[in-house]
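Here's the letter readout for the chains.
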Amino acid sequence: MSLALLIEQLLNGLQLGVMLFLMAAGLTLIFGVMGLINLAHGSLYMVGAFACAIVAAATGSFWIGLAASLVAAAAAGAIVEVTVIRRLYDRDHLDQVLATFALILVFSEGTRWVFGSFPLYLDIPPLLQGAVPLPGGGQYQLYRLAIIGVGIAVAIGLYLLISRTRLGMRIRAGESDREMIAALGVDIKTLYTVVFALGAALAGLAGALVGALQSVQVGMGEPVLILAFVVIVIGGIGSIKGALFGAILVGVVDTMGRVLLPQALSLMLPPSQAGLVGGALASMLIYIVMALILAFRPSGLFGAQS
Amino acid sequence: MKATGAREIIANATIALLLLAVPLAASAMGEPFYVTLATRITILALAAAGLNIALGLGGLVSFGHAAFFGLGGYAAGIMAAHAFNAEPFFLGLDSTTSMPVIWLVAIVTCGLVALPIGAISLRTSGVYFIMITLAFAQMIYYFANSWPAYGGQDGLPIFIRNTFPGVNTAQPLPFFLLCYAALLLALLMFWSLRNSRFGAALQAARQNSVRVSAVGIAPFNVRLVAFVISAMVTGLAGALFADLNRFVSPSMLSWHMSGELIVLIVLGGIGRLFGPVAGAMLFVLLEHFLGGVTERWQLFLGLILLGVVLFARGGLLGMIAGKARHG
Chain G
1 MSLALLIEQL
11 LNGLQLGVML
21 FLMAAGLTLI
31 FGVMGLINLA
41 HGSLYMVGAF
51 ACAIVAAATG
61 SFWIGLAASL
71 VAAAAAGAIV
81 EVTVIRRLYD
91 RDHLDQVLAT
101 FALILVFSEG
111 TRWVFGSFPL
121 YLDIPPLLQG
131 AVPLPGGGQY
141 QLYRLAIIGV
151 GIAVAIGLYL
161 LISRTRLGMR
171 IRAGESDREM
181 IAALGVDIKT
191 LYTVVFALGA
201 ALAGLAGALV
211 GALQSVQVGM
221 GEPVLILAFV
231 VIVIGGIGSI
241 KGALFGAILV
251 GVVDTMGRVL
261 LPQALSLMLP
271 PSQAGLVGGA
281 LASMLIYIVM
291 ALILAFRPSG
301 LFGAQS
Chain P
1001 MKATGAREII
1011 ANATIALLLL
1021 AVPLAASAMG
1031 EPFYVTLATR
1041 ITILALAAAG
1051 LNIALGLGGL
1061 VSFGHAAFFG
1071 LGGYAAGIMA
1081 AHAFNAEPFF
1091 LGLDSTTSMP
1101 VIWLVAIVTC
1111 GLVALPIGAI
1121 SLRTSGVYFI
1131 MITLAFAQMI
1141 YYFANSWPAY
1151 GGQDGLPIFI
1161 RNTFPGVNTA
1171 QPLPFFLLCY
1181 AALLLALLMF
1191 WSLRNSRFGA
1201 ALQAARQNSV
1211 RVSAVGIAPF
1221 NVRLVAFVIS
1231 AMVTGLAGAL
1241 FADLNRFVSP
1251 SMLSWHMSGE
1261 LIVLIVLGGI
1271 GRLFGPVAGA
1281 MLFVLLEHFL
1291 GGVTERWQLF
1301 LGLILLGVVL
1311 FARGGLLGMI
1321 AGKARHG
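These protein sequences, in sequence, are chains G and P. Heads up, the first sequence is in this note's numbering, so the first residue is 1 and it goes up one at a time. Heads up, the second sequence is in this note's numbering, so the first residue is 1001 and it goes up one at a time.
Honestly, the hints are just simulated from the structure, not real lab data. Heads up, a few of these hints could be off.
Covered stretches of chain G, going by a simulated chain P footprint (3 or more residues, C-beta under 8 angstroms) [what the hints assert, rightly or not]:
| id | region |
| --- | --- |
| 1 | 104–117 |
| 2 | 246–259 |
| 3 | 291–302 |
Just so it is clear, the structure is predicted and the values come from calculations on it, not from any experiment. The beta-carbon is built from N, C-alpha and C at its ideal position, and this holds for glycine as well.
Using the sequences provided together with the hints, build the complete structure.
Below is the structure:
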């Protein structure tokens, strides 16, 4: 395998990982602060993608669409938090799983009702079209590099937000003792809504960014949602550092597994079988990695050992 | 554990009789469609009754029971395909289309798969347990999707419904009666399990696992046994479901299926003997009648489910029989 192909696949893995981080960061923040497991996070991703595609088509500008996706996802998140999610914080995980599963049905069918079953398309903005040469020959899509850049910027931004600002201080305080922070006069209800909307906006951003690479359609959030759960479980639920690490791990392992496993197996098996077994194994690989990690560290790599 | 209330017993008997009487009447009136609908209810109820052992009694929120449902289905599909093509099945043994053998294979397979899955998953708890069971189910789902030998993504048809000695399974009514008998047996097992010493330990482990350890019972072992039994019952339902549709595909293994099984239990009433049956009835009838009125029935299903979770805890049976269960 050539060096250029290897670098290209590594970058693809990194791009997948960064996108997963945008999803996982919101999920893990919501779990860490409110103790809520939110299956409907994938629906917010879908909302972001639809908002971006529709606004971009109407205005002709991807950038306005991107801003719309942030606003739409954050607003959808805030509305859902105030109407439904708020009632679930004191419930057990089973109720949370069910209620947010119900929200997925509502969001998916509602979107299909309004926009139909046909996928929408979103073009890569002209500024980011084109490719960048890679060392060792070959080229790489500029847009995917930009996604990696956005992800890194969000990671740094989140770190600064949580460790350096007053809001971040409250979020950390809410994670460790919600009664105490309420007793100190912080409006915990509003804080929860803000955290939920923040997580939703990140999911919406991820949806809009990926929408330009794939088609925008109902159900697009579900595969990503499950991968994002794998990420936060590997990283340790509630840990943003864990989400970043887990996301990159899952992105790279999944992408490289699909490329390398069939090739590695072809050393031992005839080519047709190697492709078959390698493909099947590669599609299971991250779940195998997750099971192994949880078998040895039951609360994830960066999770609190309680 | 308090005794089951009189109203719940009446509700249970009504449900059981209704589920039997409607297909009998429909068959007599020459309406095989409603027999098939009742069969679908029965099989989904059986699958959920299996999950109810882990979820209702043990408090183990398995978000991956579709794995066992699908494995049971594939056991039926694969054996039927081998028998149809007259190929040897396993270790040179001939395959068969006889349901008792297929059921045994489905049940044993699910038990053997559930043992390692349970042993690893039960090391975790809470959200991690939910997610790791989901991950195992996804693993099997993607395997079934990408492994082309048995249809891959396209699924595997069963050309002729498998057979049962002395019963004409090609007819809707005899097949329904078989499924109904299997459901009653499973409910009988759930009932005796709940009232046994084992059931007491399992429910105690749900309520307070530290105390259970303190009296010398290892919660892990009790839960693992419950998880495996639960998977076996759901696997049997999967084999029947494949025969009902004469088709098995990876969608039986998907996480939506896992979610639906939990939904059935919660709609009906969690931990209750007839909860899965009431839930399956409600679900299939909603699907049928709402589906007849609007294509968007899942939207309304979502809203109903949301209402049940937020406001009507205890599900359908909880509303009829009153008094939420403790624990």
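Okay, the region 104–117 of chain G and chain P, do three or more residues pass the C-beta test at under 8 angstroms? holds (count 8)
Please count how many residues of the region 291–302 of chain G have a CB within 8 angstroms of a CB from chain P and say whether that reaches 3. Our answer is that it holds, as 6 residues pass the Cβ test (under 8 angstroms) against chain P, meeting three.
Do at least three Cβ atoms from the region 246–259 of chain G come closer than 8 angstroms to Cβ atoms of chain P? Violated: only 0 residues of the region 246–259 of chain G have a Cβ under 8 angstroms from chain P.
Hint compliance for this structure: hint 2 alone is broken.
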